[in-house]
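Q: In order, the protein sequence lines correspond to chains A, B, C and D.
Per the working numbering, residue 183 is the first one in the first sequence, and the count goes up by one each step.
Per the working numbering, residue 183 is the first one in the second sequence, and the count goes up by one each step.
Per the working numbering, residue 183 is the first one in the third sequence, and the count goes up by one each step.
Per the working numbering, residue 183 is the first one in the fourth sequence, and the count goes up by one each step.
Hints in this document: simulated from the structure, not taken from any laboratory.
One thing to keep in mind: the hints can contain errors.
Some chain D residues judged to face chain B by a derived CB distance under 8 Å, without partners named [claimed, not checked]:
#, residue
1, S406
2, D410
3, A413
4, T418
5, R427
6, Y434
7, L475
8, W476
9, G477
10, A493
11, D495
12, G496
13, G497
A quick note: this is a predicted structure, and the numbers were derived from the prediction, not measured.
Don't be surprised by glycine CBs; every beta carbon is placed ideally from N, CA and C.
Given next are the chains, with one letter for each unit.
Protein chains: 4
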Amino acid sequence: MLPPVDLRPPFGISRSSHARLCVTDLARSRDFYTSILGLVVTEEDADACYLRGLEEACHHSLVLQRSGEGGEGGTARRIGFRVLFEEDLDVAYRYFADQGLPAAWADAPYQGRTLHVSDPIGTSLELCATMETRPRLHIDFDLHKGASAQRLDHFQVLTPDTYGLCAFYSALGFRNSEYLEHGEELLGAFMYRKGTCLDLAIVHGSGPRLHHFAYWLPDGARVSQLCDILAGAYETDRIERGPGRHGITNAYFLYLRDPDGHRIELYTSDYLSVDPDFEPIRWNLHDSRRQALWGGHAPKSWFLEGSLVEAFDGGWVKVEESELQGLPAYVR
Amino acid sequence: MLPPVDLRPPFGISRSSHARLCVTDLARSRDFYTSILGLVVTEEDADACYLRGLEEACHHSLVLQRSGEGGEGGTARRIGFRVLFEEDLDVAYRYFADQGLPAAWADAPYQGRTLHVSDPIGTSLELCATMETRPRLHIDFDLHKGASAQRLDHFQVLTPDTYGLCAFYSALGFRNSEYLEHGEELLGAFMYRKGTCLDLAIVHGSGPRLHHFAYWLPDGARVSQLCDILAGAYETDRIERGPGRHGITNAYFLYLRDPDGHRIELYTSDYLSVDPDFEPIRWNLHDSRRQALWGGHAPKSWFLEGSLVEAFDGGWVKVEESELQGLPAYVR
Amino acid sequence: MLPPVDLRPPFGISRSSHARLCVTDLARSRDFYTSILGLVVTEEDADACYLRGLEEACHHSLVLQRSGEGGEGGTARRIGFRVLFEEDLDVAYRYFADQGLPAAWADAPYQGRTLHVSDPIGTSLELCATMETRPRLHIDFDLHKGASAQRLDHFQVLTPDTYGLCAFYSALGFRNSEYLEHGEELLGAFMYRKGTCLDLAIVHGSGPRLHHFAYWLPDGARVSQLCDILAGAYETDRIERGPGRHGITNAYFLYLRDPDGHRIELYTSDYLSVDPDFEPIRWNLHDSRRQALWGGHAPKSWFLEGSLVEAFDGGWVKVEESELQGLPAYVR
Amino acid sequence: MLPPVDLRPPFGISRSSHARLCVTDLARSRDFYTSILGLVVTEEDADACYLRGLEEACHHSLVLQRSGEGGEGGTARRIGFRVLFEEDLDVAYRYFADQGLPAAWADAPYQGRTLHVSDPIGTSLELCATMETRPRLHIDFDLHKGASAQRLDHFQVLTPDTYGLCAFYSALGFRNSEYLEHGEELLGAFMYRKGTCLDLAIVHGSGPRLHHFAYWLPDGARVSQLCDILAGAYETDRIERGPGRHGITNAYFLYLRDPDGHRIELYTSDYLSVDPDFEPIRWNLHDSRRQALWGGHAPKSWFLEGSLVEAFDGGWVKVEESELQGLPAYVR
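Go ahead and model the full structure; you've got the sequences and the hints to work with.
A: Listed below in structure tokens is the structure:
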């Protein structure tokens with residue numbers, strides 16, 4: 183059973199928008215994201231690199247931040263969402279504060295007024311209504327490189343309490359395109375605001391952790407071309423899984439790990455979900471088609487690993503272990 | 183200059199949803215849309231055929247209606263939009279009535295409460311909040327045929343008063359992803375509600391007429407495959423233009439004419455446009471890249487022809503001629 | 183070290199041409215090869231089905247033969263090669279007979295004069311100069327189904343004596359495009375006559391067995407489309423390996439097992455090899471790129487299983503075990 | 183009616199191999215062929231640039247030579263074929279000399295012994311058996327650029343005497359995959375040696391002229407990607423025709439003109455033609471499918487223009503006008 187969705191939520195998140203990641207070696211990560219994924223550098227300095235996809239008018243969808251001492255590389259600072267109106271931010275501030283959740287105004291370069299909050303499991307979120315814009319580069323095809331990644335599409339987070347977190351985001355107006363149940367237990371909620379399949383996937387696992395963030399590719403042909411480019415560059419160790427297709431959301435995917443181990447899904451193919459009157463698609467835990475529509479296996483690392491997330495007041499959120507034992511049959 | 187957009191419109195249209203077309207030979211048109219486009223028949227009887235795209239959960243996105251006496255084949259009955267909530271329909275009724283525009287409740291099978299209205303140039307519209315649903319067939323790949331058309335995406339209408347019609351839809355919350363100007367004169371407005379590039383393209387020309395409706399293809403590979411299938415079937419007379427790419431919206435397109443001459447755009451590639459803070463892309467009339475990014479020419483028929491639209495009280499809306507003379511350089 | 187190639191061989195084999203397979207259930211196998219691979223039935227009767235690829239003018243490239251009593255399903259009757267001239271057949275007859283290898287004239291429907299022979303490890307071969315022809319169907323795109331398999335491309339056989347078998351075919355003018363060595367030991371010879379990368383791959387393993395036969399796909403897009411079609415039909419158990427790319431020959435591949443377990447490679451991408459003055463590409467056993475250019479693993483079944491081959495005088499050739507122990511690192 | 187083919191020709195041409203073109207601005211042409219087509223520079227100096235395709239082991243398939251005074255840019259110096267054996271060159275020398283055709287030994291860097299000859303209409307040919315080799319770069323995908331052109335595939339020449347020239351090459355063992363007739367008159371002969379559809383297309387027109395040379399692309403996806411890259415670089419003036427598909431040979435094509443006006447066909451899709459026992463496909467002049475399987479038109483320039491060819495003793499071969507009047511219906 184899915185929790186009820188508030189179709190007129192208190193404030194309006196419009197889409198998943200940007201990720202801030204800690205990286206150990208800024209130059210190396212910059213090279214990975216520009217030459218392999220094909221992201222474009224909008225701005226950079228000694229400590230941070232702001233990147234956007236080829237179709238994106240927003241200043242950045244990925245911010246790489248040089249990690250300081252203490253092995254923070256491979257951790258996720260925060261994930262960002264856009265709201266439609268400035269006043270949504272004020273409503274959001276009160277909403278989180280009223281629930282006893284952390285909320286504070288923050289200063290974020292190239293963005294409008296920015297609110298930092300945490301969801302109930304401790305994922306650090308960043309909300310803003312506006313961002314500086316830059317020209318879209320989608321038809322500057324001669325500048326496209328690597329996978330020609332077009333835009334940030336969604337995040338996937340892991341938590342031992344899938345239902346609880348799904349209920350929290352349902353109250354914020356996130357609807358489910360699809361979901362995964364085992365008996366009565368909700369194990370995966372594939373939630374969206376922007377009218378496609380996903381802005382936030384919530385999947386059962388030890389958490390809170392960021393399982394992956396996803397960029398959209400312009401075409402199926404880019405998936406195998408990306409594999410080829412990685413092979414030519416002797417970089418196929420970056421490929422963790424795929425190419426393959428998920429039954430859930432129809433994603434034709436390839437999963438990479440960046441130099442710090444952050445996981446990126448490159449994918450194409452989904453569907454529109456604007457109308458509220460359709461039934462979310464229900465998947466059963468034992469139906470391997472949800473994960474691997476073409477058959478085959480997922481590696482254990484894909485199932486078990488994820489990036490730690492930064493705590494609201496610094497440091498990293500302690501991971502609560504999942505009580506579920508064993509691995510699905512498609513994991514090897 | 184673009185007219186101002188009401189970002190908090192009086193009622194909420196969520197997307198372009200469905201088209202109702204008159205066809206002379208129902209069986210012939212049904213065959214065209216199922217075997218060539220790959221649409222699926224949800225329901226049909228002697229007088230009408232209800233079709234949907236492979237990813238669509240809604241009951242229909244295209245309704246073919248057998249035309250009666252009098253040569254109505256090749257005319258468009260009406261174009262449909264969805265609103266998010268039932269009460270939007272009531273607000274919409276008053277909104278149109280208050281402006282002296284036609285508005286009446288209608289009975290439309292398989293749809294919820296349905297409102298018929300006309301826009302200021304006489305295009306017949308149909309609004310509803312709900313429709314019966316059916317399972318999406320997007321991963322039933324063994325059933326896919328022809329172009330594997332996924333979903334209705336948008337309409338393009340022709341009018342001699344582009345600015346006026348753009349202003350009308352701007353007041354309903356339609357935003358522009360891109361637009362075409364010649365000096366100060368607005369000649370094309372590419373408007374959307376659902377967060378992609380288009381729900382309604384308004385282009386200068388004698389009107390009101392329906393220039394085309396568009397279905398989304400899953401992949402660039404399908405464009406050339408569709409050409410091949412049409413060639414194998416000795417049906418390339420159906421191809422009016424393409425394959426090619428529009429600079430506007432980045433659409434990789436193929437235009438077909440159905441057995442009654444209705445024009446369909448099959449296309450893939452666009453971009454997301456959820457954020458309200460980017461500048462719409464402005465194109466100049468003399469920049470041929472907007473229409474034909476790869477160069478080449480458009481046939482005169484593509485530039486000059488379109489489907490008549492049904493008047494609110496029956497019969498067909500009289501076409502007002504455009505005062506502009508001459509053809510753009512890319513038309514031959 | 184590769185054995186010397188006779189560039190002016192005693193008789194001229196021009197290409198790998200056709201396979202004859204035993205199948206348990208003729209109707210079921212026919213359905214697999216026509217609806218999944220997209221082969222076309224040229225002729226059929228109660229005991230045999232003659233199929234060809236979409237571009238093939240030859241009467242058949244695959245003959246399915248209903249197996250009799252005794253569990254012959256899943257065995258390969260023989261593999262066929264074409265010679266350019268009738269007199270090549272006579273020279274071939276003497277050549278095999280002079281070497282003490284089996285050779286006999288046979289009656290093969292739809293083929294010209296046909297010679298049955300065995301190579302030194304017992305693989306049953308069939309040679310002919312002519313075959314009835316039928317129109318190529320390559321541009322009848324409206325008839326194409328499934329993977330749209332275009333043509334038979336090559337065979338791969340397993341033998342414990344790679345060097346010996348490679349030497350035998352080198353004397354018949356087969357050249358190597360690529361080869362695999364471990365130290366001084368030849369473990370794989372990728373041999374051709376027709377000017378592409380392959381007509382016959384000889385790979386180390388318990389043998390003689392037929393590892394697979396391969397059909398060429400028209401395009402990379404067909405590989406993922408075939409996966410999708412199999413998924414839609416709940417037939418992904420047929421997928422044994424892939425999609426992936428071999429470094430050897432550059433094949434973008436998918437391996438299927440037919441209802442009797444025969445292995446088929448569907449692939450696209452190779453290169454021309456007409457000139458005799460280039461060096462074959464040498465691969466080292468420990469370079470996983472030869473097998474899996476994109477990384478990932480091959481299943482044990484792909485490495486270990488193959489079809490038994492019919493003996494010259496009936497029954498099945500006894501398999502000689504390979505003395506090599508262990509599995510390469512990319513096999514799991 | 184086609185002239186008879188000598189299946190055991192006096193000497194063995196194995197394939198079309200390389201082209202030598204005059205160019206006005208060597209740096210500009212080098213940039214076009216490397217960044218747009220994706221060819222690789224094997225060697226270059228102030229007067230010549232030697233290029234090869236990504237899969238080619240031969241030293242060069244295209245030689246750009248800086249033209250001297252007198253407006254030679256846009257002319258074709260000669261087209262090259264490979265023979266299999268050194269002694270073929272000696273036989274060829276005598277064969278041409280015996281027929282009173284020009285023949286002389288030449289010095290050609292990076293090639294083995296090289297023979298210069300002219301065919302009966304004056305096309306300058308270059309024959310050699312060997313060439314220096316370089317590593318194939320087909321799996322060095324990270325180095326691929328632009329169209330990723332893989333290999334030179336064929337030439338198309340124009341002549342007013344199609345039958346005569348076809349007869350000449352038929353005597354050298356070139357077979358027809360397809361041909362074009364109007365009544366009894368042969369207007370196009372699509373001839374090959376290497377077992378695919380084409381090495382030399384002979385088409386009716388004022389001549390001798392080189393209509394185009396063709397490079398093979400790895401995949402259909404590259405055709406539209408090449409259009410995109412040209413659009414991004416504001417270079418679509420280079421596109422003369424396409425994308426489209428020829429019924430003849432099934433080529434999915436794009437025709438470009440280089441900075442000097444030389445025409446290049448970039449294409450993928452053909453078929454194998456090794457067996458001598460199939461019937462060449464006959465096309466009728468009035469069947470537009472042969473030229474434009476998807477419908478549409480060819481521009482006049484494509485029909486009427488071509489590169490002059492160098493005469494054996496220098497200067498340019500005088501063009502003999504075709505006596506045929508009018509343009510086919512598909513030309514505009």
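Q: Work down the list of hints and note, for each, if the structure agrees.
A: Against the structure, the hints:
With a least beta-carbon distance of about 6 Å to chain B, the hint placing S406(D) at the interface is held under the 8 Å criterion. This hint holds: D410(D) has a C-beta 7 Å from the nearest C-beta of chain B, less than the 8 Å allowed. With a cut of 8 Å, the hint placing A413(D) at the interface with chain B holds, because the nearest CB-to-CB distance is about 4 Å. Interface hint at T418(D): satisfied, since its Cβ lies 4 Å from the closest Cβ of chain B, which is below the 8 Å cut-off.
Here the hint on R427(D) is kept, as its CB sits about 7 Å from the closest CB of chain B, short of 8 Å. Look at Y434(D): its Cβ gets to within about 7 Å of chain B, closer than 8 Å, so that hint holds up. Given hint, L475(D) at the interface with chain B, holds; its Cβ is 4 Å from that chain's nearest Cβ, closer than 8 Å. For the restraint placing W476(D) at the interface with chain B, the shortest Cβ-Cβ distance is roughly 4 Å, inside the 8 Å limit, so the hint holds.
Taken as an interface hint, G477(D) checks out: its beta carbon lies about 4 Å from the nearest beta carbon of chain B, inside 8 Å. Evaluation of the A493(D) hint against chain B yields a violated restraint, the C-beta minimum of about 35 Å exceeding 8 Å. For D495(D), the suggested interface contact is broken, since its CB lies about 40 Å from the closest CB of chain B, more than 8 Å. Annotation: interface hint on G496(D) violated; nearest CB of chain B at approximately 37 Å, more than 8 Å.
Using the Cβ-Cβ criterion of 8 Å, the hint placing G497(D) at the interface with chain B is not satisfied: the shortest such distance is roughly 35 Å.
Going through the hint list in order, the structure does not satisfy hints 10, 11, 12 and 13.
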